[in-house]
Amino acid sequence: RCCPLSLSFSSYISSTQFIHSSSSSSSSSTTPFISITPMETINLCCDHITSPISKELHVLAVDDSNIDRKVIERLLKVSSFKVTVVDSGSRALQYLGLEEDNNSSQFDDLKVNLIMTDYSMPGMTGFELLKKIKNSSTLKEIPVVIMSSENILTRIDSCLEEGAEDYLLKPVKLSDVRRLKDSILKSEGAEIRRIQSHKRKRNNDRLPSSVACHDLSVPPPSPQQPTPKLARL
Amino acid sequence: MERNQMQMHRQIATIRKSLFDQGYLDEQFVQLEELQDNSNPNFVEEVVTLFYRDSARFLYNLDQALEKRPLDFSRLDSLMHQFKGSSSSIGAKKVKIECTHFRDYCNARNTEGCKRTFQHVKKEYTTLKKKLEAYFQMSRQAGPIETACRPR
Chain A
17 RCCPLSLSFS SYISSTQFIH SSSSSSSSST TPFISITPME TINLCCDHIT
67 SPISKELHVL AVDDSNIDRK VIERLLKVSS FKVTVVDSGS RALQYLGLEE
117 DNNSSQFDDL KVNLIMTDYS MPGMTGFELL KKIKNSSTLK EIPVVIMSSE
167 NILTRIDSCL EEGAEDYLLK PVKLSDVRRL KDSILKSEGA EIRRIQSHKR
217 KRNNDRLPSS VACHDLSVPP PSPQQPTPKL ARL
Chain B
409 MERNQMQMHR QIATIRKSLF DQGYLDEQFV QLEELQDNSN PNFVEEVVTL
459 FYRDSARFLY NLDQALEKRP LDFSRLDSLM HQFKGSSSSI GAKKVKIECT
509 HFRDYCNARN TEGCKRTFQH VKKEYTTLKK KLEAYFQMSR QAGPIETACR
559 PR
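So the sequence lines, in the order shown, correspond to chains A and B. Residue numbering for the first sequence follows our numbering, starting at 17 and increasing by one per position. Residue numbering for the second sequence follows our numbering, starting at 409 and increasing by one per position.
No wet-lab data here; the hints were simulated from the structure. Just so you know, not all the hints are guaranteed correct.
A short list of chain B residues far from chain A (calculated; beta carbon distances all over 12 Å) [stated by the list, open to error]:
no.	residue
1	475
2	476
3	509
4	517
5	534
6	542
7	547
When the alpha-carbon atoms are kept at most 27 Å apart in a straight line, the in silico BS3-like pairs for lysine-lysine are as follows [as the list claims (entries may be wrong)]:
no.	chain 1	residue 1	chain 2	residue 2
8	A	86	B	537
9	A	93	A	150
10	B	537	B	425
11	B	539	A	189
12	A	189	B	537
13	A	150	A	127
14	B	538	A	86
15	A	86	B	539
16	B	502	A	86
17	A	217	A	93
18	B	538	B	523
19	A	148	A	197
20	A	86	B	425
21	B	530	A	86
22	B	523	A	189
23	B	502	A	189
Residues from chain A shown here face chain B by an in silico Cβ test under 8 Å; the list is partial [unchecked claim]:
no.	residue
24	82
25	90
26	94
27	187
28	190
29	194
Here the structure is a predicted model, which is why all the values come from computation and not from measurement. Here a beta-carbon is modelled for each residue, glycine too, at the ideal position from N, C-alpha and C.
Chain B with its partners taken away, still in its complex shape:
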């Protein structure tokens, strides 16, 4: 039982490391982890869950706004600015980068550019969400690290 748990924790650590190495997450995610403790044991996951909720709303509004003709670039930029802010707050590095590309096309009033980069934003967001959901699910299954390390 104990050995199994230790293996799981090692796996989780590897997954976590790859999220950083592959550029999905940045330093801000570590900052969130530092704010987690025994009094707030699920802080990171709570923040990330808030992020999913907010993101669903932003992405829906952006989708709607991109259907309009002509495009309201100012509104698109404002929406994306907020979504970018949320992404930045959880350390979603790749998502943040795609948001910046979108805003560049917004500023250039480039309709095709906006539509294309929006697809990239959605793709990065979906990928990150899947990876984080798997990561947190695994962490929950493995239980707290103290249990695994308790000596017999």
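Chain A on its own, in the form it takes in the complex:
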């Protein structure tokens, strides 16, 4: 899977047709070689750097209706999100509070990337939950989406004013979730590129010598080669 970093690698690789060749060759000329495509070479080195990207985005969904919880969970899973579902605003805050306690880079798995909450819930409404999240120094960066069966302009306005990312009319559809994912990925992508450039600086000397891309430090052969050399793993 491509990451922003690998795209720049791949364009470099494909233009030079550079392939790693084994130094300790004890075989005859008829030994079968395994060809490595440039993309495979990239994935080898990218795995060390891009693990935060290959992780799924984690959504916390809040709804008091069993049916709606089941449906939203399925909608999100089908769209490749990791999902946690709770039945009330207070349980949502509990979950987010627990996550706060564990807030370190080790617990990236639990990090919530998006909160989707029903508006009309007994006890704490979705609107009240939204306000609590946006007023929390640790939670306010998490995008919050409101879901409601009611198309009331004043309600929509106040939710957006309180900082809601979006207001979805129920029943929520796959197309709504896809659209949401695109917009979250865009903002996450910007954040991850920032992290990537930081990690790349740290990882530069830590790549194992057996990994092909380590040889990128060696000047690549000229692009006019008639056939690419095949590499042996």
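Since the structure of chain A is provided, determine the placement of chain B on it from the hints.
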């Protein structure tokens, strides 16, 4: 055997189509079907079963609330709002429409109107439940479509 199954599948498709044509179901039901796959082969029926369970509870509470004098219109409206939400989530089109009529009478604080439309809500719900139960039972009997289409 194979021909029989194909006939059953054709029948099921016809029944399904009529549920949409006659306005019992809307687009949301199709959305649920789209969420069903090999990893979740009974998703639609599971959601509908949850709906029956929730509906039994809502309708019972509404019945009870409608016995009280004077009527607590705010509570009636809140209960019906939840029931309407569930109906909407499975694509129960006619049921949803009757729920809206009920809420209109609630807002108008019209006791007779509420009681009358509640009967309509129950009738539509019962009709839909019967039709869906028959539809799913038939689908189970016919088995997965792949079996019917496997070439000899």
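Point to revise | Violated constraints from the hint list, given by number and in increasing order | key: 17, 22, 29
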